[in-house]
Amino acid sequence: MEMTMDKNTTEIYKNIFDELNMMVVVLTTDSTLMLANKAMLDFSGLPLEELIGKAAWDLPWWHQSEEMQNELMFTLGHVFSSEETMRFGGTHLDKNGESFEIDFVLKPMTIAGEVESIIAMGYNITEMVKAKDALTQREKQINAFFEYSTEGYFFQILPQIALIPDEIDDKFIEQVIEVQRLGSINKKLLEYLGFESKDEVRGKRLLEYLGVNAQLHKHIWKEMITEGVATIQTEIFNRVTGKKIFLRLRFVAIYNDSHYFEGNFCIVSNITQQHLYERELNFLANKDPLTGLNNRRNFKNMTNVLFDRVGPDSPYSVCMLDIDKFKKVNDSYGHDVGDIVIRTVAEVIENGIGENGIVGRYGGEEFIIITSMSTEGTFKLINDIRIVLENTTISFGSGSLVVTVSGGISEVSANSDEMFDKGVVFADKALYESKNSGRNRVTIYDDELHGRMAIDRLTGVYTRKAIVNKTKQLHVDLRKLDRSYAVVRISLETLIVKEFAILNQFIKQTAGILLSLTRTGDFIGRYDDLTFIVLISGANEEALNHIQGRITESMTKLSNKFENLILAEIKSICFHDWTMRFEKEFSRLMNDDESS
Numbered sequence: 000m001e002m003t004m005d006k007n008t009t010e011i012y013k014n015i016f017d018e019l020n021m022m023v024v025v026l027t028t029d030s031t032l033m034l035a036n037k038a039m040l041d042f043s044g045l046p047l048e049e050l051i052g053k054a055a056w057d058l059p060w061w062h063q064s065e066e067m068q069n070e071l072m073f074t075l076g077h078v079f080s081s082e083e084t085m086r087f088g089g090t091h092l093d094k095n096g097e098s099f100e101i102d103f104v105l106k107p108m109t110i111a112g113e114v115e116s117i118i119a120m121g122y123n124i125t126e127m128v129k130a131k132d133a134l135t136q137r138e139k140q141i142n143a144f145f146e147y148s149t150e151g152y153f154f155q156i157l158p159q160i161a162l163i164p165d166e167i168d169d170k171f172i173e174q175v176i177e178v179q180r181l182g183s184i185n186k187k188l189l190e191y192l193g194f195e196s197k198d199e200v201r202g203k204r205l206l207e208y209l210g211v212n213a214q215l216h217k218h219i220w221k222e223m224i225t226e227g228v229a230t231i232q233t234e235i236f237n238r239v240t241g242k243k244i245f246l247r248l249r250f251v252a253i254y255n256d257s258h259y260f261e262g263n264f265c266i267v268s269n270i271t272q273q274h275l276y277e278r279e280l281n282f283l284a285n286k287d288p289l290t291g292l293n294n295r296r297n298f299k300n301m302t303n304v305l306f307d308r309v310g311p312d313s314p315y316s317v318c319m320l321d322i323d324k325f326k327k328v329n330d331s332y333g334h335d336v337g338d339i340v341i342r343t344v345a346e347v348i349e350n351g352i353g354e355n356g357i358v359g360r361y362g363g364e365e366f367i368i369i370t371s372m373s374t375e376g377t378f379k380l381i382n383d384i385r386i387v388l389e390n391t392t393i394s395f396g397s398g399s400l401v402v403t404v405s406g407g408i409s410e411v412s413a414n415s416d417e418m419f420d421k422g423v424v425f426a427d428k429a430l431y432e433s434k435n436s437g438r439n440r441v442t443i444y445d446d447e448l449h450g451r452m453a454i455d456r457l458t459g460v461y462t463r464k465a466i467v468n469k470t471k472q473l474h475v476d477l478r479k480l481d482r483s484y485a486v487v488r489i490s491l492e493t494l495i496v497k498e499f500a501i502l503n504q505f506i507k508q509t510a511g512i513l514l515s516l517t518r519t520g521d522f523i524g525r526y527d528d529l530t531f532i533v534l535i536s537g538a539n540e541e542a543l544n545h546i547q548g549r550i551t552e553s554m555t556k557l558s559n560k561f562e563n564l565i566l567a568e569i570k571s572i573c574f575h576d577w578t579m580r581f582e583k584e585f586s587r588l589m590n591d592d593e594s595s
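Here numbering that gives the first Met the number 0 is used: the first residue of the sequence shown is 0, the next is one more, and so on.
Some hints here could point you the wrong way.
What the hints assert, rightly or not - Simulated restraints, written as ranges between beta carbons of each label pair: (1) Glu279 / Trp56: 39 to 45 Å; (2) Pro311 / Asp165: 28 to 34 Å; (3) Leu47 / Asn69: 42 to 48 Å; (4) Glu277 / Asn350: 26 to 32 Å; (5) Asn69 / Lys243: 21 to 27 Å; (6) Asn329 / Lys286: 44 to 50 Å.
To be clear, the hints were calculated from the coordinates, so they are not data collected in a lab. We put the beta carbon where it would ideally sit given N, CA and C, even for glycine.
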C-alpha cells in the first residue's frame with residue numbers, strides 16, 4: 000500500500016526536513032517524488048509543485064547521466080527488496096550548472112513490516128573540504144554522521160599543508176604518500192576488512208588492505224590531487240570470513256581556500272552484489288548457459304582476439320565436433336540425461352584443449368574449436384579427446400552410458416571473415432565424412448581443389464596447385480555448360496628489397512585488393528611468388544576491360560606506396576569455347592617468354 004500524507008502532515012515533515020543541513024527527498028513505493036526539502040529544491044532551482052509525482056530517475060539531480068540513472072534504479076530495487084539502507088553518490092549539477100560531489104543515503108520507511116516509502120538524504124561532500132581551519136570540526140561532524148553508515152569511510156591527513164606545484168611529478172606524489180597518516184576510519188570499513196577495532200589498523204598501510212599496490216597508489220594520488228577526485232574498483236578477502244568482496248573506492252582531495260592540499264577522505268562502497276549481477280549478465284551474453292563454453296557470437300570474438308595476438312602468419316585450424324547418435328540418447332533417456340551428456344562432453348573437450356585453443360558450443364550437440372596449430376597437430380589433439388570420450392562412462396541416476404564423437408578439421412585463414420567462414424564449411428564437410436565413414440573418428444578436409452595444401456598461407460588465396468585443378472574444371476564447364484571465362488594475370492616486379500617483411504606486406508595487400516574487387520565465385524590464386532591469377536566466370540570483353548581497369552588503377556596506387564616494388568604488367572584473355580585453345584592460350588598467358 001502506497002504511503003500518503005495529508006496537507007498538514009506534509010507541511011510538518013517539510014518544516015522538519017527544511018531545518019536539516021542536508022538534502023532530503025521522500026519517494027513513494029513506485030519511486031515517484033512525494034516530498035523534497037528546501038535544500039534539495041534550492042539545489043535544483045525548481046518548485047516542489049513541478050516535481051511531485053515525477054519518477055526518481057527523471058528528477059533533475061538524478062537525470063544527468065545514464066550511468067547515474069542505472070545506479071539509482073539498482074539501489075532503489077535493492078532497498079525495496081532487502082529493506083536495507085544503501086548509499087550511492089556521484090557528480091551532480093546544480094541549477095547554475097556547477098558540479099558538486101553528493102552522497103545520498105536511501106533508507107526504507109516501514110510500517111507493519113512493509114516498505115511504505117524511501118527517504119533519500121543527500122550530503123554535499125564538496126562543502127566540507129574547503130578550509131583547513133574547518134577540517135577538524137568537519138571531520139568530527141562527518142564521523143558522527145558516518146560512524147554507523149552502511150558504507151566505509153576513512154580520512155588521511157598531512158602533518159603540514161602542502162602547496163601544489165604547477166607540474167606534479169612522481170617525487171612530489173611519493174613525498175605526500177610518505178608523510179600522510181590515517182586520521183579516522185568508520186565501523187563499516189573495519190567490518191569490510193575483518194578488523195574489530197581502529198587500533199588494529201592505525202599505523203598500518205590501509206590501502207594495502209584495500210587492494211591498492213604501490214604503483215596504483217601513486218597513480219590514484221596523482222589523479223586525485225590533479226582532478227580533485229579519483230575512483231577505482233578493487234577486490235579483497237575479508238580477514239575473518241575469507242569471503243571475496245568487491246569494493247569501489249572514491250578518493251576526494253581536501254584543499255583550503257589558498258589551494259593548499261591538506262589530505263583526503265575516501266568513500267568505500269561494497270559493490271559485490273552489483274559486480275556479481277554484472278558478471279552474470281556478461282556470462283549470459285557470452286557463454287552457453289548449459290556448458291559454460293563460449294556461445295557462437297563470443298566464440299567469433301575470441302577467435303579475432305586470438306588472430307590479433309598470434310598474428311595472421313601462424314597456421315590455424317578449425318574443428319567441428321558432433322556427438323554421435325545424440326537424438327537416440329534423448330529419445331531413450333530423456334532431455335535431462337541429454338543435458339548431462341552435453342555437459343560431460345563439453346568438460347572433456349575443454350580440458351583436452353586447455354591453452355591450445357578456444358572452444359565454443361556451436362548449437363545442439365555440436366562444438367567448434369579453433370587452434371593456432373597445423374591440421375596435423377590439431378588432429379592429434381582432437382583424436383586424444385575422442386579416445387578419452389569413448390572410454391568415459393557417463394553416470395546418471397541409476398544408469399550410465401558411453402558416447403562417442405565425430406570430428407572434422409580444416410586449415411583456416413585469419414586474413415578475412417570470408418576465408419574463416421570457408422574453413423568452417425570445410426571442417427563441417429570433413430565432419431560429415433567422419434559420420435559417413437562409421438562415426439567415432441576425426442577427418443582432415445583435403446580435396447584436390449580446396450584442401451589445406453591448396454591455400455597460400457601468406458595471402459589466404461589459392462595456390463598454383465589449385466589453379467591447375469581449376470583450369471581443368473573450367474575446360475569441362477566450357478564444354479558442358481556453354482559458359483565463358485576470363486583470365487587476368489597480374490605480375491609484380493621487385494627491384495631491391497631490403498626487408499623481406501616489406502615484400503610480404505606488398506604481396507598480402509595485393510591479394511586483399513584482388514579479393515575486394517572481384518565477385519563471390521570468382522577464383523583468385525597466387526601462381527608463383529610475384530604472379531596472381533584471377534579467373535572470372537561469365538565475363539565478356541567489356542566486363543573484362545572494366546575489371547582489368549579497376550585492378551590496374553588500384554595496383555598502381557598501391558605500388559606508389561612501396562619503394563622498389565612496382566606493378567610490372569596486367570594481361571588478360573577471354574574464352575568463349577571449349578576447344579583445346581583454352582589450355583594452349585592459358586599456358587601462353589602464363590609463360591612470359593611466349594607471350595611477350
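Taking the hints in turn, this is what the structure says about them:
no.	hint	verdict
1	Glu279 / Trp56: 39 to 45 Å	23 Å, violated
2	Pro311 / Asp165: 28 to 34 Å	47 Å, violated
3	Leu47 / Asn69: 42 to 48 Å	26 Å, violated
4	Glu277 / Asn350: 26 to 32 Å	28 Å, holds
5	Asn69 / Lys243: 21 to 27 Å	23 Å, holds
6	Asn329 / Lys286: 44 to 50 Å	23 Å, violated
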